[in-house]
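Protein chains in written order, with my numbering: chain Y, 1 to 402; chain B, 403 to 720.
One or more hints might be untrue.
[What the hints assert, rightly or not] Result set (DSBU-like, lysine-lysine): computed pairs, CA atoms no more than 35 Å apart in a straight line: (1) B/405 to B/516; (2) Y/7 to B/556; (3) B/613 to B/461; (4) B/533 to Y/7; (5) B/537 to Y/7; (6) B/538 to B/512; (7) B/537 to B/469; (8) B/469 to B/418; (9) B/634 to B/556; (10) Y/7 to B/613; (11) Y/7 to B/517; (12) B/516 to B/586; (13) B/538 to B/418; (14) B/512 to B/556; (15) Y/7 to B/516; (16) Y/88 to Y/57; (17) B/622 to B/405; (18) B/469 to B/512; (19) Y/7 to B/405; (20) B/418 to B/406; (21) B/461 to B/634; (22) Y/7 to B/512; (23) B/406 to B/586; (24) B/538 to B/469.
Rather than coming from a laboratory, the hints here were simulated on the basis of the structure.
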Amino acid sequence: MFFRIYKYSLLRSTRDRLMVFWNLVFPIILGSLFQVAFGNYTEKEVLFHQIPVAYVKEEGADGNFTELLEILETDSELIQVQTVGKDKAEQLLRDGEVEGIYYNKTAEETDGQAEGIYDNEPGKETDGQEELGITLVVQEQDMNQSILNSILEQYERTCATLLTIGKEYPEGIQEAAKLLEEDTKYLKENSMGAASDNGILDYFYSLIAMNCLMGATTGLLCSVEFKADLSALAARRVVAGHSRFQVLWPDLAAKITLQFIYIVFTACYLMFVLHVPLGEQWGFLLLTIFVGSLLGIFLGFFIGVAGRMQYSMKEALCILIMMVSSFFSGLMMDGMQRLVEQYAPVFARINPASLIVKSFYSLNIYETYGRYLQNLGTMLVLILVLAAGSFAMVRRERYASI
Amino acid sequence: MGKKVVEIENLVKRYKELIALDHLNLAVEEGEIFGLLGPNGSGKTTAINCILALLYFDKGSVKVFGKEMQPDSYEIKRQIGVVLQNVAVFEELTVQENIDYFCGLYIQDKMVRKKYVEEAMVFSGLEEFRKFYPKKLSGGLLRRLNIACGIAHKPKLIIMDEPTVAVDPQSRNRILEGIQMLNKEGAAIIYTSHYMEEVEQICSRIAILDKGRCVASGTKEELKSMIKMGEKIHMEVMNLLPFQIAEIKELRHVYQVEYQDGMLEICCSGGKHNLVHILDYFNSREIGFGRVYSELPTLNDVFLEITGKKLRDSAETA
Ligand SMILES: Nc1ncnc2c1ncn2[C@@H]1O[C@H](COP(=O)(O)OP(=O)(O)OP(=O)(O)O)[C@@H](O)[C@H]1O
Ligand SMILES: [Mg+2]
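Go ahead and model the full structure; you've got the sequences and the hints to work with.
As C-alpha cells, this is what we get:
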C-alpha cells in the first residue's frame, strides 16, 4: 500500500502545474536572471577576493612579518601585498587602491611615528605591540579592515611565541598562516555579506535555500489531506480503516522526494548551464539539499496542523516565511547576512534559509567539516522540533468540530 | 429482527452553546436501508461524523457491528463505505485513478481491485468519463464520482450523507437504483437526505430528525399511521361561504378545513369513504366544484404534524 499511495502522491504533485511552476520553473528563471544581472565571473573572484594592502617596511625591521604576508599572499591568497614607500602607500590608501597599510619599523622608532600620520584624515590607527613595531593604518572600519587587523593580532598573539623559537621550528610561520586562514574564513562567513567578495554566490545559495523552503506549501498540502477537520479528503482517508500515519508517510515521502529532485535540478541548472560554482563536494551538496527539502516540508506541515486558521491564511504564512527567511539570507540584497548577524544574532542562527546558505558556504570554504556539520546539525534540530511539534498537535484523532 | 449494525444510544453532541444532537437514539439493522430524514441543520451530518468517530461527543455511545466505535477501530472501519456530504476527490487524479486510490485504501489485491473499480464505474455510469479530471465533470457527475469512491470496495455498511444533492432526476434515479442494488447484495445502508420522496422510495426504515432529536422512526407505513391524518382532499370550489365551511368541518372524520383562493383543503382522519361523504354534501347543497383529488399522507405531513413545521419546500423536488 505504501508504494501505491507514494506513487499516486508523486503523480498528483507532478500534475499540479502551479506547484511545478513555483518549485521548478520559477527558481530557474530567477537563477537565469541573476546570471544576467551579475554576468560572468570565475570561481576565484566569486569566492575570495584578495584584500589589497600596502606594506611599508623599514630597513632592519622584523622580517618574519614579511614572510607571513608573503605566505598569506601566495599560498592562502588572502591578501595582495604591495611593498612600497611611505608616501606611495599613503597615496594608495587615499585613492582607495588598498584597504590598509602595514608599517613595519625598527622597534625603537615605533613610538610617535605611527601616530599623527593622518591628522586630518578620518583614518583609524591600530597600534601594534610596541616591541614588534608593526602598525596597521586603515581608512575605515569594515570587513576587510577587520581581516587585516586580525592578521596583525594573530601575528602578535601566535607568531610572537612561535617566532621566539622560530629557529628551531621554521614551520612556525606556516602554522601561523594556516591559523590565520581559518580565522579569516570564519570572519568572512559570519559577516557573509563579505560583500564585494562572495556576494554573487550568495544570491545563488539563497536561491536554493528559497527553493527548499518552497516545500512549505507542499508540506501544508500534506497536512490538509491528513487532518480530518481540515478537509473532506482527509476525513475520507481517516475513515478508510488504517492508521492515519500509514497514509501520511508515503505522502510525505513522495513530497520530499519530489522537492529534492526539483532542487537538485535547479542546482544542476545553476552549475552546468549557468556555470555557477556551487562547489564540488557532491555528496555533501546533495545531503544539504535533502535536509533543506525536509526542513521546508516539515515547516509547511507544522503550519498546517497548528491552529485553526484558514487554508489561504496558512498558505500566505508559508510564503511569507519563505520570503522573509530568504530575504534575510541575502536573496535580494548584498550583505544582508552581515546585518542580521550584527543586529539579530539569534535569528541569524536559526533562520532556515540562512542555515542552508551557510551550510553551502561552509562546505565551500573550509577544509574541515566542523562548521558545515554545525549548520547541518542546527537544521536537523529544527526539523526535529517541527516534526515533534506537529505530531504533538495531531495526537488527537477526534475533533470537536469538523 | 436482524442483527444490529449501528447502535446509537443517548448521543449528545454540542458545538459550544449549540446542541446539535440531543439524546439521539438510533438502531440500524442488517439488510436495511435506513433513512435519516431531517431539514437543514437538524444534525444528520453531525450524527454521521459521530458514528465514524470523527467527532468528540459529550454523552452517549456509538456501536458499529456490535463494538464500540473508536478512531482506531480499523477492522470496523474497513467494512464501512462512506460518501460524505462534501465531495472529496483528488483534483489531480482522473476518475478512474480516484476510484482506484480510494478502493486501494481497502482492497490490496490488484486483480480484485481492478474488477471493483470497473464495477464502481459502471455502477455510477462513469465509464465514458474514466479519463476525465474532476474539474471537467459536471456537478452531477462529480457527485457520482464521489459516491463511486465511497462504495467501490463493496463494504458491508454504507453511509451516505445527502449523496444526491444537485443531481438531476435521471442521475438521481440511477443512483437510487444503485443503492437498492447494493442493498440487495447485502449491504446495510444509512442514507441521509432532506428529500422525503427519495427516502420514501428506497428506505425500509426511517428516522425523522429535528433539532438533533429523533422525533419519529419506523417504516413509512408506521410513520404515516402515527399521525391523525389519513387522507387529504383538495377541491376547486368557487365562493364557498363561511357557514358552509363550518358545515364541512362537522362531517365525519374531517378535522381540519382550509379554504384559500378557491382551493379547499380537507384533512380527514382514517375512514374509507371520506371523499364520498364530502361529494354527497356538495351535491345535496348544490354547490358546484371543479377538480377534485385525494392524497394519502406523505412524510412531509408526518413531519408537519409532529414538529408543527414543514419539512422543506416541496416544490424543490422533481
Ligand atoms: N463545525 C461546527 N461548528 C459549530 N456548529 C456546527 C458545526 N457543524 C454543524 N454545526 C451546527 O450543528 C447543527 C447540525 O448541523 P449538521 O451539519 O449536522 O446538520 P445537517 O442535518 O447535516 O444539515 P444539512 O442538511 O444542511 O446538511 C446545525 O445547527 C449547525 O449549524
Ligand atoms: Mg449535512
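Here's how the hints hold up against the structure:
no. : hint           : result
1   : B/405 to B/516 : holds (32 Å)
2   : Y/7 to B/556   : holds (24 Å)
3   : B/613 to B/461 : holds (17 Å)
4   : B/533 to Y/7   : holds (18 Å)
5   : B/537 to Y/7   : holds (21 Å)
6   : B/538 to B/512 : holds (28 Å)
7   : B/537 to B/469 : violated (39 Å)
8   : B/469 to B/418 : holds (28 Å)
9   : B/634 to B/556 : violated (42 Å)
10  : Y/7 to B/613   : violated (45 Å)
11  : Y/7 to B/517   : holds (20 Å)
12  : B/516 to B/586 : holds (22 Å)
13  : B/538 to B/418 : violated (39 Å)
14  : B/512 to B/556 : holds (15 Å)
15  : Y/7 to B/516   : holds (17 Å)
16  : Y/88 to Y/57   : holds (12 Å)
17  : B/622 to B/405 : holds (21 Å)
18  : B/469 to B/512 : holds (30 Å)
19  : Y/7 to B/405   : violated (40 Å)
20  : B/418 to B/406 : holds (32 Å)
21  : B/461 to B/634 : violated (41 Å)
22  : Y/7 to B/512   : holds (15 Å)
23  : B/406 to B/586 : holds (17 Å)
24  : B/538 to B/469 : violated (42 Å)
Checked against the numbered hints given earlier, this structure breaks hints 7, 9, 10, 13, 19, 21, 24; the rest are met.
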